[in-house]
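Line by line, the protein sequences give chains A and B.
Mapped onto this note's numbering, the consecutive letters of the first sequence carry residue numbers 84 to 336.
Mapped onto this note's numbering, the consecutive letters of the second sequence carry residue numbers 84 to 336.
Each hint should be verified, as a subset may be incorrect.
Note that identical chains are pooled: a pair holds if it fits in a single copy or bridges any two copies.
[Said to hold, decoys possible] Derived BS3-like pairs: lysine-lysine, alpha-carbon spacing no greater than 30 angstroms straight-line:
no., residue 1, residue 2
1, Lys297, Lys235
2, Lys217, Lys197
3, Lys249, Lys268
4, Lys217, Lys249
5, Lys268, Lys288
6, Lys305, Lys118
7, Lys297, Lys118
8, Lys305, Lys217
9, Lys305, Lys288
10, Lys197, Lys335
11, Lys118, Lys193
Don't read these hints as lab results, they were simulated from the structure.
This one's a predicted model, so the numbers in the text were calculated from it and none came from an experiment.
Here are the chains, one letter per residue:
Number of protein chains: 2
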Amino acid sequence: MPDNTNNFTPQTPPSGGRGAYLHVCLTPALIPLFKVEDYIVVVIDIFRATTSICYGIDNGAEAIIPVSQVEECLAYQEIHPEYLLAAERNGEVVSGFDFGNSPFSYTKEKVNGKTVVLTTTNGTHALHLSRNAKKIVIGSFLNLTTVCDWLKDQHENVLLVCSGWKNNFNLEDTLFAGAVTDQLKGNFRIDDAAIAANDLFEIAKDDLSGYLAKTSHSERLKQLGIEKDIAFCLNVDLTTAIPVLDGERLVKL
Amino acid sequence: MPDNTNNFTPQTPPSGGRGAYLHVCLTPALIPLFKVEDYIVVVIDIFRATTSICYGIDNGAEAIIPVSQVEECLAYQEIHPEYLLAAERNGEVVSGFDFGNSPFSYTKEKVNGKTVVLTTTNGTHALHLSRNAKKIVIGSFLNLTTVCDWLKDQHENVLLVCSGWKNNFNLEDTLFAGAVTDQLKGNFRIDDAAIAANDLFEIAKDDLSGYLAKTSHSERLKQLGIEKDIAFCLNVDLTTAIPVLDGERLVKL
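With these hints in hand, go ahead and build the complete structure from the sequences.
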C-alpha cells in the first residue's frame, strides 16, 4: 500500500443565508477538515470550561481569558495584578490561584466586573484551532436556547466544535451539539455528525445526567469529587449571555 | 492564546485478556490518538469497499489487494497480467478495468481463485494508517457475527476503525461499529465513541436502510445510481470469511 499521508479535505460551504450548513466537529483533531473562515464557530467544553465561562460572563465578568498553561496564567498576573487566576490540575485548584474550573467559582460575588484568566487545556486547544472563524462564541447547556436563537438570526454557516478530551471524542460535548442541532435543524443543512449528535441527544435528553453516568469522562470527574459541578453543567437555559471571542478575551456579545 | 499544535495523546490499553478494551476510531484522522500496535484493528468501509472485500474473499478470491490510486492498480497488472483490476471514479468503472467497487462484481463466478487489485481511497487510507496493528481484519455487515465471535476469542484489545469519507465522520461505518460493540460489550471495556456507536445502532437496527437514507453519503451514492449496492451492503451475516491483511494482500483468515 502507498505511503499516503493524511488527506484532509476542507469542506467549502455556501456563502450563508438560507440553506446554510450546520456541521459538527466531533473533536478538535478534526477541525482541519473544515474551512473555519466560512463558519461561525461554537466552542463546546461542557465539563466544565465553557459552562464556567457562560456562567461567569452572565454574572458580569468583564472578560474571561482562556489559556492552556498555568505559566501563561501567571504571566498575565504580572502585568495585571488585579486579574483573577483560575487553574486546576487533576481537579484541584493550583496552589496560589484564586480558584479552579468549578462553575461555582464564577458567581456574581466573585467575578462581577472582574477579568478572569482561566486555564483549560481542551477548550483552549479548540479555540485556538478555530481562531480564523468568522466569529467564535461559547456554548453550554446554560445558554443553549439563547445561542440557538442568535445563530438562527445570523444566516451564516455554523460549526459546532466539541473540545473533547485530549482530542478524543466525548459524549457530553456531542450531546450539547445534538441539542443545538435539535433546535436548528429546520433552518440549516446538516451533516452526518449532526444527525448522530441529534439522535444521541434524543436518547439522552430526558435524563442527561443518567445517560452520561456511563461515560468514561464522567467517571473520571466523579473520582475527582465534583459531582455537584457535573450536575450544574447540565442545567438547561439558566443564563442568557453569549460569550464571544474578541482578540484573546471572551466578552459578552 | 498560545500557538499550541495538535497534542495527540495515544491511549495505552492493558495488555489484553479479560478487561481488554474495545475502542472506536470514528475517522482515520483520529487513528494517531491510538497506539495501534496494542490492538487488533477492524477496518470498516461499509459503502462499499469492505463489503466487497468480505464478499469476494468469501467467494473464493485468492487475495484482494487494496490500493488508493488507479495508477498503482495498473502497475500491479504490468507484473501480474492475470490479476483482475477494480477501479471506480465517481461511481463509474474506469475505462479498461475489469470492474468497479460494486459488491455484485465479487461473485464466485468472477473472483474464485483470482487475485483482485481494488482501488479504494478511504479504505486504503484507513488500512495504511493502521499498518502497525497486531493484526488487521476487514469487517462489514456481511460477516458481522463471524468477526465478533472471532474477536471474542482473541483476548486482545480491539480498535474499530471507521474509514469515513475523506476523513469525515460517516454514519454507515459508525453503525457497523455500533453493531460490533453490541455483540462485544459484555466482554470488553468500551469508550465513549463505542457507547455512541452502539446507541446509534440501537436506533437504526430495525431499519438500517431507512435510517441511512437521511445521510449525506447515502444521498451521494443514490445519485450515482447504486441503490442496489447500498441495499446489499446492509445484509447481515451473509458470509463467514474474515479477510486479514498479510503484507499488502487481504486473504482469508
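Hint check:
| no. | hint | in the structure |
| --- | --- | --- |
| 1 | Lys297 x Lys235 | between (33 angstroms within a copy, 22 angstroms between copies) |
| 2 | Lys217 x Lys197 | within (27 angstroms within a copy, 54 angstroms between copies) |
| 3 | Lys249 x Lys268 | both (29 angstroms within a copy, 24 angstroms between copies) |
| 4 | Lys217 x Lys249 | both (25 angstroms within a copy, 24 angstroms between copies) |
| 5 | Lys268 x Lys288 | both (16 angstroms within a copy, 23 angstroms between copies) |
| 6 | Lys305 x Lys118 | between (37 angstroms within a copy, 26 angstroms between copies) |
| 7 | Lys297 x Lys118 | between (34 angstroms within a copy, 24 angstroms between copies) |
| 8 | Lys305 x Lys217 | neither (37 angstroms within a copy, 34 angstroms between copies) |
| 9 | Lys305 x Lys288 | within (21 angstroms within a copy, 33 angstroms between copies) |
| 10 | Lys197 x Lys335 | within (13 angstroms within a copy, 66 angstroms between copies) |
| 11 | Lys118 x Lys193 | neither (38 angstroms within a copy, 43 angstroms between copies) |
Hint compliance for this structure: hints 8 and 11 are broken, all remaining hints hold.
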